[in-house]
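Chains B and A, in that order, are what the protein sequence lines are. If you read the first sequence in the numbering used here, its first letter stands for residue 20, the second for the next number, and so on. If you read the second sequence in the numbering used here, its first letter stands for residue 517, the second for the next number, and so on.
No lab work stands behind these hints: they were computed from the structure. Note that beta-carbon positions come from the ideal geometry of N, C-alpha and C, so glycine has one too. Hints are supplied without guarantee of correctness; some may be wrong.
Partial chain A-side listing against chain B, Cβ under 10 angstroms, derived [unchecked claim]: (1) Leu-530; (2) His-571; (3) Tyr-578; (4) Cys-581; (5) Leu-625; (6) Val-653; (7) Leu-660.
So you can see what is in the structure, the chains are spelled out below.
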Amino acid sequence: MKKIIILSSLAFVTLSALGLNTYLKNARGSETEIIEESFKEDREDKVMIEEKIPEKKPELTKEKPQENEQLEKKVQLEEKQTIKVKAEPVPAVENKKQLERKFDENDMPPVEEVLESNTADTALAVADEKIISDEAEVPREVNLEHFSRASLKQPSETYIKKQEKISAKVSKNKKYKKRKLFKK
Amino acid sequence: MLSLNPNARLLNYLKFGGLILFWLPITFFSLLLFKNTLPYFDFSSDYPFITERAHYFKDTIYYTCFYVHLAAGIFCIAAALLQFSSEILRSRKKIHIWSGRIYVFAVLLLGAPTGMYMSFFAKGSAYEKGMFMFMAVAWFYTTLKGLTTILNKKVIAHKNWMYRSYALALTAVTFRILHIILYMMDWGSQQNYEISLWISVLGNILVTEIIIFRNNKNYLKTIIT
Numbered sequence: 020m021k022k023i024i025i026l027s028s029l030a031f032v033t034l035s036a037l038g039l040n041t042y043l044k045n046a047r048g049s050e051t052e053i054i055e056e057s058f059k060e061d062r063e064d065k066v067m068i069e070e071k072i073p074e075k076k077p078e079l080t081k082e083k084p085q086e087n088e089q090l091e092k093k094v095q096l097e098e099k100q101t102i103k104v105k106a107e108p109v110p111a112v113e114n115k116k117q118l119e120r121k122f123d124e125n126d127m128p129p130v131e132e133v134l135e136s137n138t139a140d141t142a143l144a145v146a147d148e149k150i151i152s153d154e155a156e157v158p159r160e161v162n163l164e165h166f167s168r169a170s171l172k173q174p175s176e177t178y179i180k181k182q183e184k185i186s187a188k189v190s191k192n193k194k195y196k197k198r199k200l201f202k203k
Numbered sequence: 517m518l519s520l521n522p523n524a525r526l527l528n529y530l531k532f533g534g535l536i537l538f539w540l541p542i543t544f545f546s547l548l549l550f551k552n553t554l555p556y557f558d559f560s561s562d563y564p565f566i567t568e569r570a571h572y573f574k575d576t577i578y579y580t581c582f583y584v585h586l587a588a589g590i591f592c593i594a595a596a597l598l599q600f601s602s603e604i605l606r607s608r609k610k611i612h613i614w615s616g617r618i619y620v621f622a623v624l625l626l627g628a629p630t631g632m633y634m635s636f637f638a639k640g641s642a643y644e645k646g647m648f649m650f651m652a653v654a655w656f657y658t659t660l661k662g663l664t665t666i667l668n669k670k671v672i673a674h675k676n677w678m679y680r681s682y683a684l685a686l687t688a689v690t691f692r693i694l695h696i697i698l699y700m701m702d703w704g705s706q707q708n709y710e711i712s713l714w715i716s717v718l719g720n721i722l723v724t725e726i727i728i729f730r731n732n733k734n735y736l737k738t739i740i741t
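With the hints as constraints, model all of the structure from the sequences given.
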């Protein structure tokens, strides 16, 4: 009987260990399968995208060698141009004060033009045109500065009006309370 | 002939009726389970249990464990049916001893270890897997206790531990009964499976503990010995 007890306990322990081992293996296997599947899906998606967007390069034909050469040259030129564009350094943003000064100087139209104009309206129109043209010439970075966070954070007119109304109400209430207190 | 007073006679009748009511469905459903598990030994994969777990059946250990567990279950349930008859125990003790040996051998060497292996791949959540693991461990422990107590000639303790062991073996039967009842009540398959499993295991344990508690003056002693 002792042999049966020892054998049975051994069988129980070994089978439970084996079960745990295979269970853990399966769990790991399923995890790796999931990861592999996700990778596969990613790859498939990429292939799909590549298939959907064909390259716009001109096709070369065997029948017309002259045209082919011309096309090759064109492609090479285009590539060179794109490389040049990419290689050009991005112009650094100038000092803000300098830019502001420039604007101040340029905002005013030349004196000759103002003198030539008979009326003040025409002079203003000329000045406006000058400003618009100058703004068009200003680099993009500078224009973007007008819309910086600081400018956006400034409260709107409606907001200011509302605040004023609220403050007026509060002050009225205070006055009313004070009156009441005095009456008492 | 001993003449019994009418009250005692009525009590005897009630006891007999209760025993029949208790053992008749158990015997019937045990034999039904016996009949339903035999076809699995044609080793075909057309059964829903096998088709559900087809990827596990590729593993040779799981495959052998399954068939060994089935065979052990059949032997356990068939042998255990003879064990609780006081008539057999009195007049034909050898039958009790040999069927007991078959039961213990089937549980300790075959049923519980294979059940433990299969519990890792049981249907349901981690709780259900845990429940099957608990069942395997408890089945092994209670049967081992039943064996060691009778080897030490502690008959009452042996009886109590064997009750516990049989209660765990019988969960296979009660689970199927509950599964059928809940199926007829239109429960979802997953819910039905989980609830019938929990009720069958906990219910069987509770019923046996009540029986042991009623039969023994010192209940705690039955757990220690």
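Cross-check of the supplied hints:
1. Leu-530: Violated - the Cβ of A:Leu-530 stays beyond 10 angstroms from chain B, reaching only about 40 angstroms at its closest.
2. His-571: holds, 9 angstroms
3. Tyr-578: This hint holds: A:Tyr-578 lies near chain B, its Cβ roughly 8 angstroms from the closest one there, short of 10 angstroms.
4. Cys-581: At about 7 angstroms, which falls below the 10 angstroms cut-off, the nearest Cβ of chain B leaves the hint on A:Cys-581 intact, so it holds.
5. Leu-625: Check passed: Cβ of A:Leu-625 comes within 5 angstroms of chain B, closer than 10 angstroms.
6. Val-653: holds, 8 angstroms
7. Leu-660: holds, 7 angstroms
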